[in-house]
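With chain A held as given, fit chain B onto it using these hints.
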Amino acid sequence: MGVRHRNCVTVTGPADGPVVMLAHGFGCDQNMWRLVVPTLERDFRVVLFDHVGAGRSDLSAWNQERYSTLDGYVDDVLELCRELALGPVTFVGHSVSAMMGVVAAAREPEAFAGLVLLAPSPRFVDDPDTGYRGGFSAGDIDELLESLEANYLGWSGAMAPVIMGNPERPELGEELTDSFCRTDPDIARVFARVTFLSDNRTDLADVRVPTLVAQCSHDAIAPPEVGAFVHAQIAGSQLVTLNATGHCPQLAAPQETAAAIAAFAGALK
Amino acid sequence: MMCRTDGDEGGPQEEGPPTDEQAQFSALLEDSAEDLYEHAPCGYLSTQLDGRIARVNATLLDWLGHERDDLVGRKHFSDLLTVGGRLYHETHFAPLLRMQGEISGIALELKASDGTRLPVLVTSTVKTGSDGQPLLIRTTIFDARDRRAYETELLRARQKADQERDRLRTLATTLQRTLLPPTLVSVPGLDVSAYYHLASLDEVGGDFYDLFPLASGTWGLFLGDVCGKGAAAAAVTSLARYTLRAAAVYDPDPTAVLGNLNTVLNHEYNGTDDPRFCTVVFGLLTPEPDRGGFHVTLSSGGHPPALLMRADGTADFLHTPGGQLIGVLPDAHIATTSLHLAPGDTLLLHTDGLTEARTEATDISGERYGDDALLDFGRALAPTTASDTVRAVRELLGSFGTGVDDDTAVLAIHVPRPTPAEQQGPDD
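Chains A and B, in that order, are what the protein sequence lines are. At position 208 of the first sequence (counting the first as 1) the number is 208 in the working numbering, and the numbers step up by one without a gap. At position 386 of the second sequence (counting the first as 1) the number is 655 in the working numbering, and the numbers step up by one without a gap.
Isolated chain A (complex conformation) (with noise of 0.2 angstroms):
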């Protein structure tokens, strides 16, 4: 089974131009590029893919020992890259996928031009012993993965209206509303315990390609202290501050985002 469809990769944008490969966070699938890729798209060659679990990836390739850790979703994108032949690309991590790009490039740097970490945490739970502040307290996320574990019939109850649809907007499509970030309550479980509980701050350090932080405004999930930190541990690093609000800033400010990623990623070689 190919990679492709493993990962339901779409490629758009000039064959010959500049890749960009743009990586979905925890809650939803490609789809949350959509309102940056028509920009990109001029420029670029543009790579979308959903991580295995997410959106319309093959559901049968996941299993719980692989995707257990953020090792199964670096491998899954060191594949892509190989297989799909891209030569270095610029890797764009939202959120858990800005870990992800982390650690790829510091395991095979010459697979990477640059990475783009937007909204990136390297841990959410706070560290006393070492001062570090990831905004979140151990109870927190503990209270928040015993709710997903416990609470599947509100999880299914949250998730619902999201697969019923949305007949009032059908300009949306048909296709598009089907797997609008649809995620099997199991397999979110799981990543959720991924994204929530991975502690890579010390990858940081690995990171020897040019790295542009972006970090938003007002981010409950990712405060600015944290775009600082990562931005202290990767040397050379770039930080920019996003106007963009919340943890989304792909959905939230796109022109703006699409214009930091699209400086960046054309500024490399």
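Quick caveat, the hints were computed from the structure, so don't treat them as lab data. A portion of the hints provided could be inaccurate.
[To be verified] If you anchor each label on the Cβ, the simulated ranges turn out as follows:
no.: 1; chain 1: A; residue 1: ASP58; chain 2: B; residue 2: ALA500; range: 39 to 45 angstroms
no.: 2; chain 1: B; residue 1: SER373; chain 2: A; residue 2: GLU79; range: 37 to 43 angstroms
no.: 3; chain 1: B; residue 1: ARG386; chain 2: A; residue 2: ALA267; range: 44 to 50 angstroms
no.: 4; chain 1: A; residue 1: ALA138; chain 2: B; residue 2: THR392; range: 30 to 36 angstroms
This one's a predicted model, so the numbers in the text were calculated from it and none came from an experiment. Note that CB positions come from ideal geometry on N, CA and C, so glycine has one too.
Just chain B, lined up with the frame of chain A:
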């Protein structure tokens, strides 16, 4: 709960003088839109696109115990949520609202000023200007305490059901284990192997087998299949198993052993409204030191024929025509055959779960594996050993997946070829 429509606004008017009716009606007219907004039976919230609270109604302030000035212009909607809810909001709710322009019926928890939590259902829409540009987000919030309590009950019931199922499975597995020998006895000069495939974890199956010593160096073995499944079938299995062993001690002739079982089952179940019967093959193994190998007498009561895979690579069924089901008729006919199991030969006893398995789990047309395929399987395998035969059968069953809808028991016996040293003889 949902915004109520059965309140005091539009209910049926009581009987009374026209003046009262008019008075009530004009009172109703004074229910201004503003008052309806502020004191609606649900919470209203308007936020800027970034979630900053611009307007909030009195109902929601009252639920949360906040002052208006604490929230408006100061807090974001996500600030009102629990941490878990905030994470859900940022990763699911807000992105979907951005993409779809609306999102409805999302279950979240709000945090009141005194620290208590309020389960709510949230619906939001994006209000757009005439040019289609999004302007603000309107949110309605319904108290979902009752609903959440109901869901908690459902959850508890489901967890209880899961536990009961696990308990049932443990019970079924334990009972199953008592019906099979924990390990097969070791028979000098014989290589033996058995396998039991459980089709369902929830029910005890009705297949059984055993291999045991009899007097004067002989051995008994049997393999059978009780009709039905579950506790009732398990009772018959247990009865059959112990009857066969006791009968064999009394008179080891296979025809007599099965005749005894037939009598016992008839006495036990005949005339009841729950007749029980089974198919069984019973064998008596007698070592033949002069020729090498064993003399095998095999009797069958309606059981599928055993498969003999010979040392020379040929294979055939050992048909026992005319053998009748055990337990149906007072005087069932038992068919008997005998053979010499020579060094290098392997004998496979099986229940029909194997030949009745659907070869494609998805094939509802009912293509069964069948006797012919099993014979080909034996021919391809011969010459073989007991453990190799059982391993091959396990792989075969595995390849059928969920197509194996009945329990399957197999028992294989094989006479190993003597090693060169043994051929020479220890005393020579």
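Inset, instruction - Mind listing which of the numbered hints don't hold for this structure, in increasing order? - result: none
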